[in-house]
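Asks: So the sequences go chain by chain: A and B. Just so you know, we're using this note's numbering here: the first sequence kicks off at 209 and counts up by one. Just so you know, we're using this note's numbering here: the second sequence kicks off at 3 and counts up by one.
It should be emphasised that the hints constitute simulated quantities derived from the structure, not laboratory data. Since the structure is predicted, the reported quantities are computational estimates derived from the model, not experimental observations. One or more of the hints may lead you astray.
Stated by the list, open to error - So these bits of chain B aren't anywhere near chain A, every CB distance computed over 10 Å: (1) Ala60; (2) Pro128; (3) Tyr242; (4) Arg282; (5) Phe286; (6) Glu296; (7) Val327.
What the hints assert, rightly or not - Simulated restraints, written as ranges between beta carbons of each label pair: (8) Pro359(A) x Glu225(B): 36 to 42 Å; (9) Asp221(B) x Glu363(A): 51 to 57 Å; (10) Glu512(A) x Glu225(B): 35 to 41 Å; (11) Glu289(B) x Leu301(A): 34 to 40 Å; (12) Gly339(A) x Leu41(B): 44 to 50 Å; (13) Gly493(A) x Gly287(B): 32 to 38 Å; (14) Gly339(A) x Ser71(B): 39 to 45 Å; (15) Gly295(B) x Gly290(A): 48 to 54 Å; (16) Ala161(B) x Glu420(A): 37 to 43 Å.
Cβ coordinates follow ideal geometry from the N, Cα and C atoms, glycine included.
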Amino acid sequence: MTAHTGATPAQSLLSVRDLIVEIPTRRGVLRPVDGVSFEIQAGEILGVVGESGAGKSITGAAIIRLLERPARIAGGSVHLAGRRIDTLDSDSLRRVRGGQIGTVFQDPSTSLDPLQRIGDQLAETARLHLGVSRSNARERALQALIDVGIPGAAERLDAYPHEFSGGMRQRVVIALALIGEPDLVIADEPTTALDVSVQAQVLGLLKNLCRERGTGVMLITHDMGVIAETTDRVAVLYAGRVAEVGPTPAVLTDAAHPYTRGLMASTPNPIPGDKHQRRLQQIPGSMPGLLSVPTGCAFHPRCEHTMAICSQRRPPSVPVRSSDVGCWLHSEVPET
Amino acid sequence: MSAVVSEFASSTEAGQALVEVRALTRRFDVSSPWLNRVLQREPRRILTAVDDVSFDIARGSTYALVGESGSGKSTIAKMVLGLLAPSAGQVLIDGSDLSRADAAANANVRRRVQMIFQDPHASLNPRWRVGDIISEPIEAFGLAANSGERADRVVELLAQVGLSAADATKFPHQFSGGQKQRIGIARALASNPEFIVCDEPTSALDVSVQAQVLNLMRDLQAELGLTYLFITHDLSVVQYMADEVGVLYLGRLVETASREALFASPRHPYTRMLLEAAPRLDGFGREHVIDGGEIPDPINPPAGCHYHPRCPLANARCQSEIPLVRDVQWSRVACHEAEHTGL
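Chain B with its partners taken away, still in its complex shape (with noise of 0.2 Å):
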């Protein structure tokens, strides 16, 4: 037993916390213009997008954000990248919160964190050479004395995301997903940043491409010592990437764990689910045993613990009470009954 914990343990040790996320939430107001709530006696609707979500990222690990649609995880990272004001709570990136902080230490700390999105290709420029899309961040901050430093800058970048260097005078629409995406990771380590936000990276890619890129991103973070956000849908690309897990559900984080600790004793009931509905590459005529039901409406999501509709083990409290996190063997858990789920 104590080998597992200490086994278990190790990877939260590794590292000082590069990213603090503090009570962070956001509500969205998704009221009817007024005049119609006059009329219509509606009251205002806010959505709470985020919900009082607390996590550190370890220097140079990888943290993965699941859950499934409507959970948050894409305005979690909007205000870790500082593109979204919390509405609560705040995101330290080393310390400075980019929110507060004036412009010029902002720059600094913008420099330090990029982003590699979804879809590579809308979010390429299409009528800028590959070589300016790269060049972009260098030229932005100033971290190039002249225009031949820049060009070997992108073709050292471009040769390390696999590229080559004549690739630099095309234009997007002359490569594959892949290679968009490999683009887009080339103009995230330009400005060479510590802290990569990813959210859903490889989900617009075939299977095969999705490989080459997880398996870019994890020589790279070896290489340069990168600290990964990874935010997915997809367990099986958690195992394969994260080090720490957060598992998200309505906006509440429920459960995180090391990637060991929740793939081996998942605690939440939602995390069991999410594990027993993935499916799997030997599960040969496997029948689902499915918590049923679906994600609730998240204007108006059940009271208590938001999972207590779908949940086998739900009780009078968990309907009435927002299960508090602590700690579960080796998890940190909302649940109530979270003792009741071990092996």
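Pulled out of the complex, with its shape left as it was, chain A reads as follows (with noise of 0.2 Å):
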């Protein structure tokens, strides 16, 4: 099934396995995480992207486990370095988060604390997972603010969060995602706050930190001109599943999944003297709700191409090209 990352999960600085995340109410059991599977390479950058209700943050929130309850992980496995972290006492947990796996989520003003000065904060971090002294802690903490490149660093250190502006701050919290020195940061939607000049500065300053380190990243994003510029590698997820999963490049010029072909010619692009407006092309209906997932391949009702047996039965993932995808239209429909 993983015939193009060639990893086996002891390899892979991250390994997905048959995700599942189910959230059990008085409708019924929802599974807004449904099977996903992926890898992440060090130093790769992955990017995870879907519309809303794909089930993108919450495969996030389940790797370092930080889902709200009721949501739990069903089924499935994740190893981080060969280690299988989804079965971790909380102990252990504390330990790989903001240690081996750095976070950085939308909003900046969550991963901070408004009562603590920047400085203390970062340093409190290298102690806790570093275990370095105070001073070197301090070093360390305006060394983190220099390379996300805060101006005045050493002035900044004493600020608290709200002397910060809103680029800054996610600055900041990439600093703090990274102080730990992390194998992995989980990124979730880190620019979608922050105006189109500042998402393009910290991008960059994401992209270019994580590979001088050999960090991995996991981009969790909706705007595919993101995922273009950012990332290495990508998956598309539609109603918890992954759709296709792929380099970059691939899958955004030749998606083998409608689905992915869809979202790409949907988009507006902006070309800079690109004179014609193409019509844009629309995906039919919306993103199913969690209580009335189609059967079979989710995606049936909105595609174009649908078969018998996609309302029937799931498909499996099989390689295309230099992707994995999710569609009937590549494999072998089975006798029945």
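Relying on the hints, combine the two individually framed chains into one complex.
Replies: Spelled out as structure tokens, the structure:
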């Protein structure tokens, strides 16, 4: 099934296998994540893209076990650098969070303590996860602020979060995510709240810092342009399942899954000098709610290539060119 | 060269101006209460959200205002709709000024001006049925003789935005975000308007649904001859929808041009930065060359040209003298150095 990643769970930095997240409710058990598998290698940026309700953020939260009750992991496994982390007790988990996995969320103010100085927050994280001395932690905090391009970093160490602008605050959160020298950073819509000029600065920063340090990144976003410019590989999620995962240029220019193709054709693209306004293609309908996920392939009611099998059985993930694709167009339809 | 000029010029001469925005300015007093000011010896603090903005919107065309947060785009929308009084300047809709006209004349102008909101979940009354939401403007402006005629009109409007007649009896929560935005569009169309102000109409929607709504808006414009003021921060949407584009930075219009001219040869350094920063679908591994810095504090904006602290071309003149809007090739640009940004 994973013909192209070529790596076993033991070799990959992060290996997510058949992950299932369930939410028991009075109206039945919901599955916002339903059998998601992907790998991230060291130094690689994997984009996780999908529309609202695709299960992107819940997948990220499940990996670091920040699911809100009553949501719970109901199946599958998560390995980080060969070690299984989805079954860890809470003490070991605390060392993984912040130490081995750093996180950047959409709203920087939720990641920072408003009552604590920036320098103290950074130093505390460094001391906790790296076991360094107070003075060394302070030096590391300063270096971390310099690395993320905060002007006048030495003076800003003693500033409070509210004294920073939105873009600067998100830089501080990136510094905080990286100061524990993690192997993996999970960034959930890190630039959605920022203006486009600041977004470009922050994404460039995240990309370059992780490249230099060999840190793997799981970048969750709904923006195909951000995916194109920032990621090495991309997983396209639909209704809690991976529609397609593969190298970013291949998936975006030569998608094998009809949903990915539809997503690309419906995205307006600002090309300087382009005078033509091609009519945008549209995918009929919208993402199904969790209470009414269609049978078989979840995309089949909106798909222009629907066959009889699509509404009956869920497509397996098969290698197509350089990607893994879950679509009956690319699988042998089994004899019934 | 001349072929290019005529091509760029054609869209501006297409129609007569339906909306004229003249030297529009809006200031907000954001001072602390009087006693705090006295005790803390603080001066009054005035935020100039919109600063001397002028533009025309040709009949039947789409004028896009683009800018980042704090640029004043939504404040302009409110003043154009007459929901907020300007501090100076005026808005003329087909020659009449909403803030001056008497009530009777005003009602007629208001019928011709409608709005589509950003958040479809917040802009529909959750306790009203869709049919009632859509028939409200018909009733308010007395556009139907009786309830039967009104119901027919609601069915017609629902069909126009791609919904079914049966949807009239449902409540807003029974619809997805894209469908709710269609309901919002049907309500805007209910009073037979000529001019619709659209404030970020698709930024709350997913991309596949955004395509449905943008296509619907273009189809309706072609069918009904509508004029749009389209407000957005998303350049890709601008390129898809606009005929003319105005770029705002900290309340000032820094560049206006036809869509073709703006995307082919942006003149203002800020416009060029915005185009450079926008992520592209084919920009694999692209490294951005971005002017540093962020949008400054709008209460104490930089003197002279607001963009000078971030601008690669800035010189001493930019720090002291506000650049006036002038023609540079196919664009109208407020920049001392615009000649030097050319290709």
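Asks: It remains to establish, for every hint, whether it holds in the given structure.
Replies: Going down the list of hints, with the structure as the test:
no., hint, verdict
1, Ala60, "17 Å, holds"
2, Pro128, "18 Å, holds"
3, Tyr242, "4 Å, violated"
4, Arg282, "6 Å, violated"
5, Phe286, "5 Å, violated"
6, Glu296, "5 Å, violated"
7, Val327, "22 Å, holds"
8, Pro359(A) x Glu225(B): 36 to 42 Å, "53 Å, violated"
9, Asp221(B) x Glu363(A): 51 to 57 Å, "56 Å, holds"
10, Glu512(A) x Glu225(B): 35 to 41 Å, "26 Å, violated"
11, Glu289(B) x Leu301(A): 34 to 40 Å, "37 Å, holds"
12, Gly339(A) x Leu41(B): 44 to 50 Å, "49 Å, holds"
13, Gly493(A) x Gly287(B): 32 to 38 Å, "34 Å, holds"
14, Gly339(A) x Ser71(B): 39 to 45 Å, "41 Å, holds"
15, Gly295(B) x Gly290(A): 48 to 54 Å, "43 Å, violated"
16, Ala161(B) x Glu420(A): 37 to 43 Å, "57 Å, violated"
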